[in-house]
Each structure stands twice: as structure tokens, then as C-alpha cells.
Amino acid sequence: LAVLVEQMRREGFELTVGKPQVVTKTIDGTLHEPFEMLTVDVPEEYLGGVTQLMASRKGQMESMSNHGTGWVRIEFRVPARGLIGFRTRFLTETHGAGIANSISAGYAPWAGEIEFRNTGSLVADRAGAATPYAMIALQERGSFIVEPTSEVYEGQIVGENSRNEDMDVNITKEKKLTNMRAASADSFEHLAPSRKLTLEE
145 LAVLVEQMRR EGFELTVGKP QVVTKTIDGT LHEPFEMLTV DVPEEYLGGV
195 TQLMASRKGQ MESMSNHGTG WVRIEFRVPA RGLIGFRTRF LTETHGAGIA
245 NSISAGYAPW AGEIEFRNTG SLVADRAGAA TPYAMIALQE RGSFIVEPTS
295 EVYEGQIVGE NSRNEDMDVN ITKEKKLTNM RAASADSFEH LAPSRKLTLE
345 E
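Quick note: the sequence shown uses my numbering, first residue 145, plus one each step.
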């Protein structure tokens, strides 16, 4: 979908893209939603993280098998809406090593609300160019999605807060120079690389 949207944008189309939504049904007066059977193969060391990720998305473990190869196969029964945006988080959690496949498992009663984000946003409180000095000072607060020297505007989301609340930050703050030699002391070496978000995220 991201490739199609990007191609249309380059061809001059203007469009708005919304988050996917599942098609629900009311059966005997009860709201039902589609479920899927998800099979994942992951290295043993990532088992805990994947299980926690699926639990947060209302996934119920149906079976788990470990044949002593260092890999574990787990089957989950999960609401289809719990798999929206799942693949990116899954690959991050397993450092690209995990394999996931799913098939439809029919409709079942609504599983309840799913919290997709438990983090807030870092929001620029003024316009200007993002400085490495400010980003190094702020990186303990979370991760950035903008590069140093990028132009930002007031109110722009520049990163993800490690806490579940939004925070205004001054990402354009410059180092006060007390003498000429201090000008070269500002470096990029201690700055963690920024995250590149895809359209699906």
C-alpha cells in the first residue's frame, strides 16, 4: 500500500490515507470481529518480547513447540485489528530474525480495546533547524525521527517520548560559544541515529 500511495503522490494526486479498520458483524445482538491464527517462528532469546507484544494486542497463545534447535514456534489466536502495524514491531522485536504467517480464523466476540501506543510524542516548541547539541541533550527523553540540521516547525512531532505523555522540546537550542575553540567541540558522535518511519507506521 505504501508503494502505491507514494507512486500516486509522485504522479500529482492529492489524497488522504486513514488507518485500516476491520469489518465487524453483529451476531445474535453481540458485536463480533474477525480473528486470525498467527504462527510465528522466533529465536528463543526473543520469546519473551514477542509474547508480551502479542499479549498487548489481545493475542491468546494456542500452542508452543520447542524442538531444541534454538527456535520456538508459537501459535496465537488474535483479533485481525491486533495485526495492524504488527509486522514492523515484530521485526524490530526479533531484530529481523522472526517469521510470521497468519490465516483467517472466522469471527468471534469483540476482544476489547487494544492500546497500540504506550508512548507519547516529542513536539518542537519553536521553528528552526534541529541542532546536534540539543538532540544529544534530549535523547534520554526518547528517540528522534528527524535528522540533525533538519528544518522543523512549531508543533511538529520530532520524536517518540519514552513516557506515555507528549512533551514540548526545544530541538533548535544552540551551544553558547565562550571562545572560538569551542565551535568544533559540538559533534555527532554521541547522537543515536534517528528512526526512519514508514507509511505503515
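Among the hints, a few may not be true.
Unchecked claim - Below are the DSBU-like pairs computed for lysine-lysine, each with C-alpha atoms no more than 30 Å apart in a straight line:
(1) K319 x K340
(2) K163 x K202
(3) K317 x K340
To be clear, the hints were calculated from the coordinates, so they are not data collected in a lab.
For the pair supplied as a hint, K319 and K340, is the alpha-carbon distance within the 30 Å limit?
Within the cut-off at roughly 26 Å; holds.
Agreement of K317 and K340 with the hint, judged by alpha carbon distance not exceeding 30 Å:
23 Å, holds
Could you grab the alpha-carbon distance between K163 and K202 and see if it respects the 30 Å cut-off?
With Cα atoms ~19 Å apart, K163 and K202 stay inside 30 Å; holds.
Taken one by one, the earlier hints all hold for this structure without exception.
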